[in-house]
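Novice: Listed below are the residues making up each chain.
There are 2 protein chains.
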Amino acid sequence: MSLDSDHRRILGRRGVLAASALPVLASPLAGASIALAQPGDPLPSWRDGPRKRAMLDFVAAVTTAGSPDFVPASARIATFDNDGTLWVEQPAYTQLIFILDRIRALAPQNPAWQQDALFRAAIAGDLHGAAAQGTDGLLRLAGAAQAGTAPELFQRLAAEWLATARDRRWNRPYTSLIYQPMLELLAFLRANGFATFIVSGGGVEFVRAFSQEAYGIPPHQVIGSSFALKPGEQDGRITLTREPVVDFIDDGPGKPIGIARHIGQRPIAAFGNSDGDWHMLRYTTEGPGRRLGMIVRHDDPDREYAYDRDSHVGRLARAMDEAPQRGWHLVSMRDDWARIFA
Amino acid sequence: MSLDSDHRRILGRRGVLAASALPVLASPLAGASIALAQPGDPLPSWRDGPRKRAMLDFVAAVTTAGSPDFVPASARIATFDNDGTLWVEQPAYTQLIFILDRIRALAPQNPAWQQDALFRAAIAGDLHGAAAQGTDGLLRLAGAAQAGTAPELFQRLAAEWLATARDRRWNRPYTSLIYQPMLELLAFLRANGFATFIVSGGGVEFVRAFSQEAYGIPPHQVIGSSFALKPGEQDGRITLTREPVVDFIDDGPGKPIGIARHIGQRPIAAFGNSDGDWHMLRYTTEGPGRRLGMIVRHDDPDREYAYDRDSHVGRLARAMDEAPQRGWHLVSMRDDWARIFA
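From first to last, the protein sequence lines are chains V and Z. So for the first sequence, this note's numbering puts the first residue at 234; every next one is plus one. So for the second sequence, this note's numbering puts the first residue at 234; every next one is plus one.
Everything labelled a hint here was simulated from the structure, so no lab data went into it. Wrong hints could be hidden among the right ones.
Copies of the same chain look alike in the list, so a pair counts if it fits in one copy or across any two.
Restricting the straight-line Cα-Cα distance to at most 20 Å, the calculated cross-link-like pairs of lysine to any residue (SDA-like) are [claimed, not checked]:
1. K463 x A383
2. K463 x E519
3. K463 x R373
4. K463 x D480
5. K463 x V479
6. K463 x G520
Computed from a predicted model, the values in this text were never measured in an experiment.
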């Protein structure tokens, strides 16, 4: 099927639904789509408008028994990118800042690092220098900073770092720089029978270190990039050690693979903010039946950041350009969000 | 720490608990450990005895606020092997029978298979001939029978086969040959805040084809062996195709890796039936705090099967021999189960 017929199919279906959804509403959510900004509004930090209405209409349609779009609870799967979708990713991914802090802490035991320009930049806290060699350089730094530990120990190290580290702009813990409107959306979906998953390009254990507390998402509902785990034995106990060997990159084309491997069901809703989410958004919205794809646009330099196609972090071009034809909703942080942080 | 001190530690802790657990019970489960075989018994198909008591005591201890063994609900993770632990695995793994049926169905389109002794055995339905080349041979058959499909299509093929295929001994669908006592245990654990996972050496998509309906375990809580997934594009849609290349073997030492990768938390309870579960049982019971490890022994030739150290399917030797010193409970199907199937 061509993109053009996809376009007609999606728009056609949405047109039909816009006209027919309200009369057939019969669920406990029946009033939701007209209860904007009123007491009981499940999304109070979302301003009234097409994006808020799209979410409320989608949830009403898939949860209303008898609706042509009804989806049983067991198939209500929603996936969320993390960096830039659930929390701040500028001026650099939080995990990169963690890696640089770890490299600096480990540097005295690793004098050879001083001979390497990449590691010198990392030790100096020079984000641009650390990112200058691209993904390969970042993976070298990540391997040096993060490998050699058991997953359980690594999660504890990450949690300890998150408990004390502060973002420089706001002087607040990184876990306080999560988006209140997205927290409300996660809770709203779960209250309607959805299982919510994080599908992040970041390291799976790093995200698991805070996913339950920050988002209410348990570790087993976090999918991410990973190093290989090497089994061993120490003091009569089985050990697992993270090796500096990439096992899986959960970004771009890796996201549908991670979803199929880990969830085993195609999501019916997906939320991202960059071209790294293009494949996940396509995989989600190309499935049969009613689907929802949304992209968070960072267009609010006063309250957060403004960036898209020219950014080295969270680049958003193709997914934004194709959003209209694919039926994806572009969320404006500036216009759609009454509040940014919790 | 040596196995001997492990032994003392586990036995010592269990001795203390056996003496102290009852007085501190204060949860809704307080009566459970003395309510054997009475109305409201959560495990009616389990006969009274040390195994039933061990399960009831364990659940009471980890769910009782104020108990020294209390575990918050978010850390109540229980993992179950599938073949031989939740359903029948004799005379051959059900998935192998599925593979042979698929090979037979695909044989007319693959005339070259007739030149290969392994495939001739498979086409003839000769289980021993198909198993004669060991794991390598089985993986070749599995690749030929199962690869080249999308995960979603493969799950549908497996579900369709399961809906019509019959076990020869009982002339019943394989999904009716699941163990009623284990179903009760799964439900009992979930009612007490546990998340229940399958950790199977079988193919992840095969188990996902029936896990929700048979066990109440959603696809995303199934961990299994897998083929590589190859991304592609067809008719303007993203595709994923199962390749005949092994991606992960979730058996033996692979089980702790699969658990760490997928769940991200160490289980506090694990249930298996063969030496393929030895690593999972160790990984689970070597963690700190109260733990439960159980092994289902197939010792009931009249109602099911009797096999252990000499069986080519579900071999049980090392895990059985080490069970006493490791504090693992050996469940006798003959003595502990009042009923085998649902």
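Novice: Work down the list of hints and note, for each, if the structure agrees.
Specialist: Evaluated hints:
1. K463 x A383: within (9 Å within a copy, 30 Å between copies)
2. K463 x E519: So K463 and E519 pass the 20 Å test across copies only (17 Å; inside, 37 Å).
3. K463 x R373: within (18 Å within a copy, 26 Å between copies)
4. K463 x D480: Classified as both: same-chain Cα gap 11 Å, cross-chain 15 Å, threshold 20 Å.
5. K463 x V479: Result: close both inside a copy and across copies, 12 Å intra and 18 Å inter.
6. K463 x G520: So K463 and G520 pass the 20 Å test across copies only (18 Å; inside, 36 Å).
In the structure shown, no violation is registered for any of the earlier numbered hints.
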